[in-house]
Every structure is written in C-alpha cells, then in structure tokens.
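Asks: Residue numbers (our numbering), protein chains in the order written: chain V, 1292 to 1718; chain Z, 26 to 143; chain W, 599 to 703; chain L, 256 to 476.
Calculated from the structure, these hints are not laboratory results.
Being a predicted model, the structure only gives us computed values, none of them experimental.
In this text, a Cβ means the ideal position worked out from N, Cα and C, and glycines have one as well.
Check before you lean on any hint, since a few could be wrong.
Claimed, not checked - Partial chain V-side listing against chain Z, Cβ under 10 Å, derived:
(1) 1336
(2) 1367
(3) 1371
(4) 1381
(5) 1395
(6) 1552
(7) 1622
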Amino acid sequence: MSVIDTINNLIKIVGDAVADLVVGILGAGQIADLVIMGLGALVLCTAVALTFMGMTWAERKVVARIQNRVGPNQAGPFGLLQPIADGIKMFTKEDTTPASADRWVYNAAPLIIATFALLTFSVLPFAPGVVGANINIGVFFVIAVGSASTVAILMAGWGSNNKYSLLGAFRTVAQLVGYEVPMLLNVIPVIVLSGSMSLVDIVQRQTLADGNPGIPFIVYLPLSALAFFIAGVAETGRSPFDLLEAESEIVAGFHVEYSGMKFALFMLGEYVNTLAVSIVFVILFLGGYAGPILPSYIWLLIKTALVFFVFMWLRGTLPRVRVDQLMALNWKVMVPLSVVNIIAVLILAKVFVTSPGLQSANGGILVAPEAQALILFVANIVILLSGLSIMARRARVLRLAEEAQIESRRAANRATASNFIGGAPAK
Amino acid sequence: MRTDFAFIGVMLVTAFLLMGVAVFAASLLRPKKPSPAKLETYECGMETVGDAWVQFRVQYYIFALIFVLFDVGGVLLFPFAVAFNVVPIYAVLVVILFLGTLMMALLYAWRKGALQWD
Amino acid sequence: MLNGIPLYWFLLVSAALFCIGLYGVLARKNAVAILMGVELMLNAVNINLLAFWRYMAPGSTAGLAFAAFIFVVAAAEAAIGLALMISVYRNMRSVDPDKLDTMKL
Amino acid sequence: MTISQILFIVMSLVVLGGGVMVVAARNLFHAALFLILSFFGVTGLYLLLDASFFAAAQFLVYIGAISILVIFAVMLTRGAMAAQPANSQWPAALVVSAILFAIIAVIVGPIAVTIGERQFGDVSWPSVVEGQPVPAVPDDILVRLGQSFVDFNQYAALFLLAAVLILVAMVGAIWVARDRTPREVIEERAELAEESQDMAPPQHQLPVKNAEAVEAPTAGH
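Chain V extracted, bound-state conformation (with noise of 0.2 Å):
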C-alpha cells in the first residue's frame, strides 16, 4: 500500500486497526462489537462537538469581518480561544430553573434537542467507507431525524412557563416546521436520479467509475438544490429566518429562560444541525466526498466549509424576513414550484434515459449523461425564471391595487373635508 493511499484511507485504516485492538482484548463476540460501535459513537459525538466550538469561533470571525468589525481577538491568537472560554463560562455559571417551570420537561428539552441533532451523523459518510451506518434509507432518516427538534422547542417553551417562551415556541414551530414539506420534496429528485435512498449510494451515483468526481446533482437539479438550501436555512432557524430568537420581539423566543449549560446545548443543537445540513447539502447535491487528488475527507472538509460559508454569509447581510414572507415563501413559492420541479423531472428522466438497459425495459430515447444533465439544467432554470415572472408580474399587481386603494381613499378624504369646510355649521 502506498504512501497516498495510506493518507487517502486514514480514518479508515486507523478505525481497522482499533476495531482489531478491541477483539484482541475482548475476543470477537457482541461485547466486542458494542464496544467498538460504542467507541465509534464516542469518536463521532467527540468530534462534532469540537467542530461546534470552531464553528462558533469561525462564524463570529467571518461576520464581524464582512460587517467591517474584528471579532474576536482578545483570547489567544485571533481569538481561537474563544470557544474555550466561552466553553468554562458555560459550565461553570449558575443555572437558575424558574420556581414555576415543569422540571422533566423543561430539563429534557436540551437534551433531546442536543441528542437528535447529533443522531442525524450516525449516517452521514466521511470517506469511502468511513460512515457510521449505511442504512437503505439515509436521506429519509436525515429529514425524519431532523423533525424532532419541534417537539423539544415545544417542550422547552411549555416547560419554561413563561408567555415569552411559549409564544415563541409556537411561532418557531409553525412557521419553520412548514419548511420541512419543500425539503421532503425537493429529495425525491435527486433519489430519482441516483435510484436509491442510501447517503452512500448517492455519492456513489455522482463518482465516476474510476472513482473521480462525475457532474454533481446541483448541474442537474440547480433548482431543487437552491429550495433545499433555503429549506435547510429555514429549518435550522438561522438568519434570515431567524425568527425563533427576534429579540426585538419576543426576547430570545423559546430558550428565554435557559442559561448556563442547558443554554449551551440549544446553541450546540443549532449549530450541529447547521453542519448536518451543510454535509447532507454537499453528500446529495455537490457530490459528497469525491474529488481529485486531495483525500477525500478533506474533500468533504472543504465543500461542507464552502457551504457553511454561504450561511455565515447570508447571517452577515441579510435583513431578518417577516413572518408573512417566511410564511408565503414557502407555501407560495417554494412547494408549487417543487412540485412543478418533481413533476417535470419526472418526465424527463423516464423520457431520456441514459441506460440501455433502461431503454430496452421502459422505452425513451438513450442519451448520454452529459446530454441528460443538460436537459434537466435547462427545464430547472426555465421552471425556475417562469416561476420568478409570475411572482414578479403577481407582485406588481397587487403593489398598483394598493396603490389605486391608497389613492382613491386620499380622494374620498379630500371630499370629505371639502363638504365639512364648505358645509360645516358655524359654532
């Protein structure tokens, strides 16, 4: 085995070699196995654990920088000991439980919250090979997974007992939740494609035979990446649909009465979802961890950074949206046109088939891959732009109703307070 290969399977030559150690010790058997699946969990939570403290640093470093400020600079070099102080504040600060609250639920809420998030990496793949279970349902897993961070906020708002709490729960809850239905839709696409549900296969279908990068999904379906994005962003509550923690409005929404280490679970739930997102958004639509040269871990290192980029960078500038917009967004937007989407790629890829043996089983016409990809970008961006007319043409109109609305009230106006100068008793 040669040096490169050695750096390219290091995750999974240095797993072998512990896996080994264990049923050295133990002897092969189901203990031995628990231990090493127990071991792996352990590794897996350890790590995402420590990539939430340097997300919390980079993210600070990256916003401060694009709205012209420095961040943090005072702990360590650049401020890289950061997430470590801010780590000892949280442990060590007191923990007030409201006299009022409901105990068991309010306590469990940050549990469960921190513990689902980092359930959704059990099947996330690293590297080829390296994954923790690949199950025949990933993707579905992944989005099931993530819908149970609602019941926690529900939990954590009714146990605070606080109106603060509560009503920011339930704002979060249905307004965020409905963001779940376009992420659900905008997944069957790219199943479509890659004929399979497995994380691991959908990679796979974008790596070419000899094991190079093919063309992404994101060629074939740009449409269904950019609502899965957004979805994404929407589902892990961050800005610009951040409105679970509006300040301005309703303190710090559901978490208002948490501090301390319960406090710290909620921003690692947040932030290990946000990562979870930006890793499923690489694995289905950037084409996972395959790339030339560099190992693939460290491809999957950098796209899901690229990614995670973008949502620091819409966190920088973006105004927060209004509940109304989040609200028509989804629904008016992002599920017809979804649908549409499916719809159409539906068609395409039963017509266009890139396969003989899918042409000799179901007819259509044999085309290349490049041509397939080509087909669907084209029909994406069409669905896309025709999509983004209606809306403009619809918003025109009803911006000159209200307008006609507004005008004819300020005349009515005007003719009543010409009829009461004119015809107004004298006192």
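Given the coordinates of chain V, assemble chains Z, W and L onto it according to the supplied hints.
Replies: Chains Z, W and L in isolation, oriented as in the chain V frame:
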C-alpha cells in the same frame, strides 16, 4: 443492515449520555445560590403577571395541519422515487395525478386565505 | 432481528396498546385526549399489520401498503378531529363530550 | 435471552407505559408527551420488524407532525383542561377494555383454552414453523413497494385514494377550523335561522354575537 441500525441505537444512547454528563458536570461545577427573585419567571424585568396562559390564534393550528397533510403525502412518494427506474412510463402519470391532487389541496388552502399570515 | 421473538409477542403488545387506546376513548373527559386514544389504536393496528407482514409474507407488499395508508388516515383523522375540537371549543368554551349535547351552533 | 428479546421487552414497556400514561395523565400536555414516547417505542418495534422505512416514517409523521398537531390543539383548548382525567363511566370502560384484551390474548396467545367444545388459542401460524427462522425480507422491498403503489393491479387506487383523502381532509379541516370574519358568522347564522324557520314555526331569533360590531347585512334576506 442490522449492525447499522444497532450503531444508530448505540449512537442515540451515547449522545444522550454524553449530553447528560455535560449537564451533570456543569451542575457540580457551578455555583448554586437560588433566591426568590432569581427563580421568578422572566418578563423583561417587570413583575410576572399571571400564568403563561395565552390564548393562541387558530392560525398556528391551520399551518400545522397543512404541514401534516403534505408531510404524509411526501412520505408516500419516497418508495416510488426509489422504484423510479423499474416502473413503466404510465406510472409517472399516476404520480402526476397524485401530485395534482395535492396541489388542489394547496390551491384550496390558498383560495380560502389559509396561507395568509396576518 | 427476530431471534427468539414469536409472532404472538407482537400481537399481544398490539392488543394491549389497542385496549389502552380504547380505554382512553371510552373514559377520557376531554375530546383531545379521546383523539390521543384513537391515535394509540391506529398505532396498534399498524404494529399488527407490519408484524403479520414480517412473519407471514415478507416478500409481499400488502401489509406495507396498508400500513402506509394507515399513516395517511391517521394524519387526516388527527387534522379533522382536532379542527372539530378547536371549532367546538370556540363556540362552547368546552371540549367535554358530556357537555356537547346541544347539536346547535 | 437474546438481545432481540431484551430490546423487544424494553420497547414494549416504553410503548405500553407511554400508552398508560396517555390515558392516565391529568395534565393534557403531559399526556401528549407520553403519546410521543409511545410513538417512539413503536418506532423501535418497527425496527425490530425490519421495517426501517416505516420506522423513519413513524418518526417523521407521528413524532414530527401529528404530535405537533395534538400539542397545538391542547394549547388552543387550554381553558378546558379537565380537573378530572376520566368521566363517570371509567370503571365500565376499564372492564370493557380488560375483557377485550383478555379475549384477544386468548385467541392469539400461546395458551390453549377450551371453552365448551371448542379450543381457542395456541394457534400455529401457518408459515412460522416452530424452531425455524423467519424468512428474510428481500433487499428490494422498498422498490417493490414503490412499484405496487403505481401498479393498477395492486395499490394504485389506494395510492390515489390517499391523495384524495389528503385533499378532503385539507378542505374539511380548513373549513372547520379557520377563523371566520364576523360578517361570515352572521351570514352563516342567518342561513341557519332560515333553514330552521323552514322546518318549524319561528319562535325566536337565533342569538347573533357581535352583531352591532359590524355592519349586518340589512337587505337581501
């Protein structure tokens, strides 16, 4: 496949225990000096008025129900998406019919103003 | 995954869940709680369907298709049932089925 | 005891314990949370049954969606939280449920019971031969399920019926739950009054709430 789900189970337990340990360790490290004022419900510094019994608007419920119905509709599409390569071409028509019916539901909600948040 | 689990274990659990749900439907004083009981019963049905599918005909899709249909039914039932409860509550200020005997708006 | 058996027992305890608390909890919000716990246990049972897709769907639909709906409904009808969890018939309900469970347990259970001439229980389920492993689930079961959803000889009708059910549920639920404007309320009540006048001699005007708050439809009726 089975060991995969076993790993998910182990991951669930590990993550939960890890988070629990973090909270427990913090409870050992942190100071604990409760006072009645500290334990009051936070209301921007004002005296807390009443319970958290707020009357909610029914709009929240309507959005939730639209979401639930679309959610189950989406779930039914997943097995079809996996089987897409092996189904005959008329199957696409069935799914289009399915999606069209869902769109009719969305259109109804739209026309009734249920998608309008105000 | 079924090492040493006989089919009737699943059937007994499902029967017990169904009866718990039935008790909830018959005995609860709040209509929302009654609907929770109905959800429990639908879950029991689904356990039964999937257990029979797994043990008797794992190659067929009949049990799975009907289980998926039950999901839709459960969602529709919850949506409409709870909407009714909210509407009733708005008009009557109560969701106690014993008090809802007027048949008037 | 195999690991599967232990897991099954744990999951069943979660399911049944959650279920019991759902029907016993005084606080409706707690009842809803126990309902979620019960759903979570059912997810585990589905995994034991190798129905992974259905486990995830259970998680998504029941825990992520239906329970949200239930909690919202609990909140919206909050003033009505009963001080007593059960109505006056609860002993009878308990007896009925227990008898039903006993009957089912006898029928499906392993113990043979002879009542009169006939013997119940101890069914040897046809294809599950004692001591033999259950046949494995084919790997492409999801593909088969997807195929059967769009096959008119199988469940295409059911599949489309599901969409229609969703449509009908949407229409019905929105119609029932949505907030009416005062004008709509008045019109609806006027219609109702008209109908009742058609059926019976008029006795009194139906009470109209907030009639003075809006412009009542003066002409037309």
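Asks: May I ask which of the numbered hints given earlier this structure violates, with the numbers listed in increasing order?
Replies: 2, 3 and 5
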